[in-house]
Amino acid sequence: MSKDSQMRAAINQKLIEMGERERLKELLRAKLVECGWKDQLKAHCKDVIREKGLEHVTVEDLVTEVTPKGRGRVQTRNKQTKQHNSALMSRILGC
Amino acid sequence: MKMEDMPLSGPDNTKLESLVHDIYSELVEDACLGLCFEVHRAVKQGYFFLDETDQESMKEFEIVDQPGVDIFGQVYNQWKNKECECPNCKRLIAASRFAPHLEKCLGMGRNSSRIANRRLASNNNMSKSESDQEDNDDLNDNDWSYGAEKKAKKRKSDKNQNSPRRSKSMKHKNGELGTIVTSEPYKYNFNTGISYETLGPDEVRSLLTTQCGVISEHTKKMCTRSQRCPQHTDEQRRAVRVFLLGPSAPTLPDADPVVENDGFDIPDGQTLMSRLQWEDSSDISPTDSASSKASTNPSDSRRPKKKKRPSLGLNSGSGGGGGGGSSSLTGGSSSSQSNISLSTKKRGLSSLHRLFRASTMT
Numbered sequence: 001m002s003k004d005s006q007m008r009a010a011i012n013q014k015l016i017e018m019g020e021r022e023r024l025k026e027l028l029r030a031k032l033v034e035c036g037w038k039d040q041l042k043a044h045c046k047d048v049i050r051e052k053g054l055e056h057v058t059v060e061d062l063v064t065e066v067t068p069k070g071r072g073r074v075q076t077r078n079k080q081t082k083q084h085n086s087a088l089m090s091r092i093l094g095c
Numbered sequence: 001m002k003m004e005d006m007p008l009s010g011p012d013n014t015k016l017e018s019l020v021h022d023i024y025s026e027l028v029e030d031a032c033l034g035l036c037f038e039v040h041r042a043v044k045q046g047y048f049f050l051d052e053t054d055q056e057s058m059k060e061f062e063i064v065d066q067p068g069v070d071i072f073g074q075v076y077n078q079w080k081n082k083e084c085e086c087p088n089c090k091r092l093i094a095a096s097r098f099a100p101h102l103e104k105c106l107g108m109g110r111n112s113s114r115i116a117n118r119r120l121a122s123n124n125n126m127s128k129s130e131s132d133q134e135d136n137d138d139l140n141d142n143d144w145s146y147g148a149e150k151k152a153k154k155r156k157s158d159k160n161q162n163s164p165r166r167s168k169s170m171k172h173k174n175g176e177l178g179t180i181v182t183s184e185p186y187k188y189n190f191n192t193g194i195s196y197e198t199l200g201p202d203e204v205r206s207l208l209t210t211q212c213g214v215i216s217e218h219t220k221k222m223c224t225r226s227q228r229c230p231q232h233t234d235e236q237r238r239a240v241r242v243f244l245l246g247p248s249a250p251t252l253p254d255a256d257p258v259v260e261n262d263g264f265d266i267p268d269g270q271t272l273m274s275r276l277q278w279e280d281s282s283d284i285s286p287t288d289s290a291s292s293k294a295s296t297n298p299s300d301s302r303r304p305k306k307k308k309r310p311s312l313g314l315n316s317g318s319g320g321g322g323g324g325g326s327s328s329l330t331g332g333s334s335s336s337q338s339n340i341s342l343s344t345k346k347r348g349l350s351s352l353h354r355l356f357r358a359s360t361m362t
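Chain order of the listed sequences is A and B. Start counting the first sequence at 1; every next residue gets the next number (the UniProt record's numbering). Start counting the second sequence at 1; every next residue gets the next number (the UniProt record's numbering).
Just to be clear, a hint being listed does not mean it is correct.
To be verified - Derived lysine-lysine pairs resembling BS3-like cross-links, with alpha carbons at most 25 Å apart:
#1 A:Lys69 with A:Lys31
#2 A:Lys3 with B:Lys59
#3 A:Lys42 with A:Lys52
#4 A:Lys38 with A:Lys52
#5 A:Lys46 with B:Lys59
#6 A:Lys42 with B:Lys59
#7 A:Lys46 with B:Lys44
#8 A:Lys38 with B:Lys15
#9 A:Lys3 with A:Lys14
#10 B:Lys44 with A:Lys69
#11 A:Lys25 with B:Lys15
#12 A:Lys52 with A:Lys25
#13 A:Lys42 with A:Lys14
#14 A:Lys52 with A:Lys31
#15 A:Lys52 with B:Lys44
Treat the hints as calculated values from the structure; they're not laboratory data. All of these numbers come straight from a predicted model, not from anything done at the bench.
Model the full assembly from the supplied sequences, consistent with the hints where possible.
Structure, rendered in structure tokens:
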């Protein structure tokens, strides 16, 4: 699978060079805020913090708690971004 | 590393899709991480729970979710059916109509002053013809219903009929005649007549040069039609002029322009012209009344008459012999015809013509 990872790295690099990656990131963020994903995750964070106590919360805790939930929530919603990505990908790869 | 070297065909679409998915999930992870950092910083800085500090006020302003009530807990049309008593007129007015009613009732506010001004203006105009408008005024003061607006609109249209503004539109139609009639709306009545008593001698003179001017027996008003108006004869017109301006003003309009001929042309006419110049403004034939001040315009209307002249030369020649004043002018006329401009010729002709008629009539 090194070929794949190679390819992935190459694509990433290309994306960054084109500036598309940044644009995609901003687009994704905006969409997440719009659909309320961010607020929900924030509420979840609050719960976690209340559980753990205010003083001892670390970034790692938050990340491990929140990320999978976040990812799960996102997948069903953001098909548009995905399609946009695939179009972009085909453009980059020239096929 | 060139992407073009690795062509991806059909079965590699799934690979493409998985690639896309991978990149996408990377982006999502980035977003999550960003959120976590943000929250963590807020916690450590102490501003994360800042909006939840006051539990009491939170309960107070909680979002309401009941039927018939908005999210603040207020009822929608609570004040719709309430009535208030007006402090001015002591009437019970519906709440939604209270503010406009107060405006009219107290006589303050932009709208009420506008209506009052309009009413005053139309009342001034209508006071001559109608006298019972005042009864409606009292009613209209407190009445803000639709009827008052209808009346006001109607009166406003009446007011505009006789205002000076109307004369501006009529100027283009009637030329000078129109301006004379409508430029002084306060002196003239709405009928087609003028009271000669109110006019000064100069105005009378200028009027008489363009209009018929015959004073009607019934209304004691001057006729405002043209000098060829069929209702009155030239005799009447002359009589009026004598009456109004004194016997020394023979400013009669021309009645028979056909009788003119070359015999009355003024050849060496410069001295004669100057003598006749004083009749300049009044030497206008009836057809030229619309453009009396323009000296060149009469030439156009006179041209057709010129053609008739040679055929009637005999008549006027014999007539010219009879007239004392005109006999001296019959000689050597046609040679110097070209020297004189058409306008001066015409003026001379009309005055001569007048003399001729005067002589024939005596």
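Lysine 38 (chain A) paired with lysine 52 (chain A) [C-alpha distance capped at 25 Å]: holds, 21 Å
For the pair supplied as a hint, lysine 52 (chain A) and lysine 25 (chain A), is the alpha-carbon distance within the 25 Å limit? Not OK: lysine 52 (chain A) and lysine 25 (chain A) at ~31 Å, beyond 25 Å, violated.
Need the status of pair lysine 46 (chain A), lysine 44 (chain B): alpha-carbon distance at most 25 Å? holds, 13 Å
Keeping to a limit of 25 Å between CA atoms, is the pair of lysine 52 (chain A) and lysine 31 (chain A) held or broken? Status violated; Cα separation ~30 Å.
Verify the proposed pairing of lysine 3 (chain A) with lysine 14 (chain A), using a straight-line Cα cut of 25 Å. holds, 16 Å
Verify the proposed pairing of lysine 44 (chain B) with lysine 69 (chain A), using a straight-line Cα cut of 25 Å. The given pair, whose Cα atoms are some 23 Å apart, holds under the 25 Å limit.
Please work out if lysine 52 (chain A) and lysine 44 (chain B) have their alpha carbons no farther apart than 25 Å. Roughly 14 Å between the alpha carbons, so the hint for lysine 52 (chain A) and lysine 44 (chain B) holds.
With a cut-off of 25 Å on the C-alpha distance, tell me whether lysine 46 (chain A) and lysine 59 (chain B) pass. Holds, at about 19 Å.
Restraint check for lysine 38 (chain A) with lysine 15 (chain B), where alpha carbons must lie at most 25 Å apart: violated, 30 Å
With the threshold set at 25 Å, check whether the alpha-carbon distance from lysine 42 (chain A) to lysine 52 (chain A) stays at or below it. Holds - the C-alpha atoms of lysine 52 (chain A) and lysine 42 (chain A) are around 15 Å apart, at most 25 Å.
Does lysine 3 (chain A) pair with lysine 59 (chain B) here, judged by a C-alpha cut-off of 25 Å? Distance ~59 Å between lysine 3 (chain A) and lysine 59 (chain B) Cα, so the pair is violated.
Within a Cα-Cα threshold of 25 Å, do lysine 42 (chain A) and lysine 59 (chain B) meet the stated pairing? holds, 21 Å
In summary, the numbered hints that this structure violates are 2, 8, 12, 13 and 14.
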